[in-house]
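*Asks:* The residues making up each chain are set out below.
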Amino acid sequence: MNTELLPALAASPRAADARGTIKARHRRRLFHADLLVTVAWASVAAAVALWLADGGATGFSTLAGSFTALGIVAGLAGIDLVLLMLLLAARIPLIDQTVGHDRALEFHRKLGKPSLYLLLTHGILIAIGYGMAEGLDPVSEAVSLWVLVPDMWLAYISMALFIAVVVTSLVAVRRRFPYEFWYAVHLLTYAAVATSLPHQFSVGALFAEGTWQRWYWLAVCIATGAALLHYRVLEPVIATFRHQLTVSRVVTVAPGVVSIEMHGLNLNELAGTGGRFFIWRFLARGLWWHPHPFSLSAEPLQFDASGRGLLRITVRNLGRGSAQLAGLKPGTKVALEGPYGIFSTAARSRDKVVMIGAGIGITPLRALLESTPFTPGQATVILRGRSEQELYLGDEILDLARHRGATLFHLTGARSARHADNWLPAHAADAGHRLTDYVPGIADADVYVCGPAAWALNVLMDARAAGVKEDQLHYERFDW
Amino acid sequence: MLRTSDLPGAALQESVPKESRPTLQARTFNCMGTVISLTLPSASGEDELVAATAVVERLFAGLDETFSLYRPESEASRLARAEIKLPDTSEDMRRLYADAVGWRLATEGAFNPERPDGVLDLSGIVKGHAIQEAGTSLLALGLRGFCLNAGGDVLVSGSPGSSSVVPAGVAPGSREPWRAGIVDPEDRRTLIAGYRLGGQAGAKLALATSGSAERGDHIWTAGAGSLLRTGSAASVFRQVSVAAADIVTADVLATAIVAGGLPMLDRATDGWDIEVLAVRAGGELLATPGFRR
Amino acid sequence: MRIRAAVSAALASAGILLAGWQSGTFVEDTGSAAASTSAGTAGAGSSGSSTAGSAGAGAAAKAGGTYAGSVVKTRFGAVQVQITVKAGSITDVEALQLTDDDRKSIQISNRAAPLLRAEVLAAQSADVQTIGGATVTSDAYLNSLQAAIDAANL
Numbered sequence: 193m194n195t196e197l198l199p200a201l202a203a204s205p206r207a208a209d210a211r212g213t214i215k216a217r218h219r220r221r222l223f224h225a226d227l228l229v230t231v232a233w234a235s236v237a238a239a240v241a242l243w244l245a246d247g248g249a250t251g252f253s254t255l256a257g258s259f260t261a262l263g264i265v266a267g268l269a270g271i272d273l274v275l276l277m278l279l280l281a282a283r284i285p286l287i288d289q290t291v292g293h294d295r296a297l298e299f300h301r302k303l304g305k306p307s308l309y310l311l312l313t314h315g316i317l318i319a320i321g322y323g324m325a326e327g328l329d330p331v332s333e334a335v336s337l338w339v340l341v342p343d344m345w346l347a348y349i350s351m352a353l354f355i356a357v358v359v360t361s362l363v364a365v366r367r368r369f370p371y372e373f374w375y376a377v378h379l380l381t382y383a384a385v386a387t388s389l390p391h392q393f394s395v396g397a398l399f400a401e402g403t404w405q406r407w408y409w410l411a412v413c414i415a416t417g418a419a420l421l422h423y424r425v426l427e428p429v430i431a432t433f434r435h436q437l438t439v440s441r442v443v444t445v446a447p448g449v450v451s452i453e454m455h456g457l458n459l460n461e462l463a464g465t466g467g468r469f470f471i472w473r474f475l476a477r478g479l480w481w482h483p484h485p486f487s488l489s490a491e492p493l494q495f496d497a498s499g500r501g502l503l504r505i506t507v508r509n510l511g512r513g514s515a516q517l518a519g520l521k522p523g524t525k526v527a528l529e530g531p532y533g534i535f536s537t538a539a540r541s542r543d544k545v546v547m548i549g550a551g552i553g554i555t556p557l558r559a560l561l562e563s564t565p566f567t568p569g570q571a572t573v574i575l576r577g578r579s580e581q582e583l584y585l586g587d588e589i590l591d592l593a594r595h596r597g598a599t600l601f602h603l604t605g606a607r608s609a610r611h612a613d614n615w616l617p618a619h620a621a622d623a624g625h626r627l628t629d630y631v632p633g634i635a636d637a638d639v640y641v642c643g644p645a646a647w648a649l650n651v652l653m654d655a656r657a658a659g660v661k662e663d664q665l666h667y668e669r670f671d672w
Numbered sequence: 021m022l023r024t025s026d027l028p029g030a031a032l033q034e035s036v037p038k039e040s041r042p043t044l045q046a047r048t049f050n051c052m053g054t055v056i057s058l059t060l061p062s063a064s065g066e067d068e069l070v071a072a073t074a075v076v077e078r079l080f081a082g083l084d085e086t087f088s089l090y091r092p093e094s095e096a097s098r099l100a101r102a103e104i105k106l107p108d109t110s111e112d113m114r115r116l117y118a119d120a121v122g123w124r125l126a127t128e129g130a131f132n133p134e135r136p137d138g139v140l141d142l143s144g145i146v147k148g149h150a151i152q153e154a155g156t157s158l159l160a161l162g163l164r165g166f167c168l169n170a171g172g173d174v175l176v177s178g179s180p181g182s183s184s185v186v187p188a189g190v191a192p193g194s195r196e197p198w199r200a201g202i203v204d205p206e207d208r209r210t211l212i213a214g215y216r217l218g219g220q221a222g223a224k225l226a227l228a229t230s231g232s233a234e235r236g237d238h239i240w241t242a243g244a245g246s247l248l249r250t251g252s253a254a255s256v257f258r259q260v261s262v263a264a265a266d267i268v269t270a271d272v273l274a275t276a277i278v279a280g281g282l283p284m285l286d287r288a289t290d291g292w293d294i295e296v297l298a299v300r301a302g303g304e305l306l307a308t309p310g311f312r313r
Numbered sequence: 002m003r004i005r006a007a008v009s010a011a012l013a014s015a016g017i018l019l020a021g022w023q024s025g026t027f028v029e030d031t032g033s034a035a036a037s038t039s040a041g042t043a044g045a046g047s048s049g050s051s052t053a054g055s056a057g058a059g060a061a062a063k064a065g066g067t068y069a070g071s072v073v074k075t076r077f078g079a080v081q082v083q084i085t086v087k088a089g090s091i092t093d094v095e096a097l098q099l100t101d102d103d104r105k106s107i108q109i110s111n112r113a114a115p116l117l118r119a120e121v122l123a124a125q126s127a128d129v130q131t132i133g134g135a136t137v138t139s140d141a142y143l144n145s146l147q148a149a150i151d152a153a154n155l
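Protein chains in written order, with our numbering: chain A, 193 to 672; chain B, 21 to 313; chain C, 2 to 155.
Hints listed in this document are in silico derivations from the structure and should not be mistaken for laboratory results. Built from N, CA and C at the ideal position, the CB exists for glycine as well. It cannot be assumed that every hint is accurate.
What the hints assert, rightly or not - Far from chain B, some chain C residues (derived; all Cβ distances over 10 Å):
(1) Leu12
(2) Leu19
(3) Trp22
(4) Ala114
As the list claims (entries may be wrong) - Here are a few chain A residues that face chain C, going by a calculated C-beta distance under 10 Å:
(5) Phe223
(6) Ala225
(7) Asp226
(8) Leu227
(9) Trp233
(10) Ala237
(11) Val240
(12) Trp243
(13) Ala245
(14) Thr250
(15) Ile355
(16) Ala356
(17) Glu372
(18) Gly417
(19) Ala418
(20) Leu421
Chain A extracted, bound-state conformation:
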């Protein structure tokens, strides 16, 4: 029997007043989510309204004018979506804390193709519309736009870049190339947006000097650029200098799994981030340019009130980059960005909480278990691995569960051959066990799932079947 049941023991004083806060925070987060959705849609509507307010609809009186009008609308909506994509990828705290990093990037990916289609439509319809007005075929018109109209050659370059960025991001294409290649091409997005800007303001009368439309569009573009610069460049640099992280030792936890301990300053500011991830860059030769997204595997350990202390992450040898981490030398400087994501207390909506982790995905749960508020008996932790050795940090989690009053299950063993889509070990799956058998009240709990994608999807399916709603499900991918 490798299922271990620990009854809730000690009472934890800090969970007493958590109930009200969790509800209030949840309501606030839902409000923010709805607000963001509304603002996003409204921004697209505003882009079209800019054109309507300029009397754009009069263009439909002629056929050529109709093509041009639709082309302008497509271009406005397309660029607006591109700006939304940039904002979704800008790691803005409001977005990150509301929908989470994973879902923000999911929206970002979803918008990729529509925005490209809109921009292509924009180019084609404008060439047709302008061409008809001048009595030229679209190809000749496109050539004459390139040659004769200032800033248009930049717009063509922009279009080519957008195509390159979206094509290399298609799943099928992306798999064929290393991450670094995709990343390099993806950086061209900024060049694509920058080269598209001049023609927006210099060609066509919509954003002509002296129009309020020009100011609105300038403001939107500048705000997006400022957000990117601030949250993706300035904040990380500031965080790196503020915390002065240095590797102090690397400990092997299990075969192929190491804990990296770092000391630094002002670490009290990073407390309570359990489950959220940071992007780490180890400033050693051959490693510095590679960003590693990892969660803390323990709350920061503080030496004194000034915030000097220790941080710890636990890493399994997953890819080329993480393999090198085992060989990190003490004294290596570390740059960090974050924390990001909503795999944390911020996502809580209920009093009960269930944490289910597998493999290296167990480590963020450890930090979450350490910090998230709950009344003793209201938390359940389920750890899944092929063997006891794969339940990384299992001992620490056992101690925490005892101390805070959480129920802990260790589920070990190979997958079931008969039930391939079951997340449980073979013996439990074949016996017909479900998630509800381990956590009877799961329908009224927040469920945090962290582990390999295929396994995690099976857990999520089981949870949904048990009546857990989408906004109670918190899922962190761990197979980057």
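Since the structure of chain A is already known, use the hints to place chains B and C on it.
*Replies:* Here is chains B and C on its own, set in the frame of chain A:
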């Protein structure tokens, strides 16, 4: 030379008390197929007027000799008959040709110094040029106030009260403008509008009028494949008056608007600092704010 | 909660689009007002252009008189259209107010606009010192107003 009593304005003339307006003196002469009048304040003295008229007349006659297509021996006529080539012509001819081509570009073809038959015809710019040159000469003679009217195109300087002797009712160093009237193309004995030229700094000094009613032979309407003589139904304007700082601009643009219609009217008011009064074929008026009461 | 997001997004978008559309038709209206001004020009002031008439002009317009429309903001500045009605048909359309807010409006307001003869700077032949007109031939000069003036100053 003219019998005053036969003239339509004569009766009106007497009904206006003389004291209310500065006294003027005028001389006229014939040239370029029309009559040129030079008017000076009386205070200038008759000798000065005679001398000034002689200068202007000599200038006009000289230019007419070179540019008239009615004189078989003129340089323009020889050029039209291709007896000489443009590079071999006088400097005046080449300069005026260059000016005319410049205006053709500026008016996008509405003003065109070439007739549909290919003959170079600078008469659309010669008179304006002659008035401009005459005005320069008059200023060089030291005249502070004058009004030069060549067949309906007017260039003024100073004020009708400009003189050392103060006429009754006019303050010294008068800033009073020259009052010009524009004839009604329907009835040439009545005026359709007035316009004040000169007087104050910044006021326009030149007023030129082109029409399709009379002597329209140097204006063609522009338009693809339909180069028509004005006076035909193609012209939307019966008469166009343009006030500008200089007479060549006023003259050329008036001609161009008659030839180029409404689009040229809008281009002209957008592109030049001018005032325009246009009379449409039906008699309705179009005017820039300067012509508004 | 997703319903709240959908509803508020739809309402906000619709509101913004409607506002854009409204101000767009505003521009169109002033555009057609300008067009009808030039139409009045073309039609000798007798073409009854119904779009130019303000609501108040309706029934009373039959009687005749001059009616001013409301002031409309265009991106060229504020414009007010005035129509003159005689015997039930519009005899004159006039842009009353053209401001010089920016470069464009100066261009626009310096454009030649249709005008009634009574509205131009008037002149009496007795009160002018020179006469402008399309080129007069030497023969025609004899009967011209300019000749009368010159003769008076001889």
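*Asks:* Okay, which hints does this one fail, numbers in order?
*Replies:* Numbers 4, 15, 16, 17, 18, 19, 20, in rising order.
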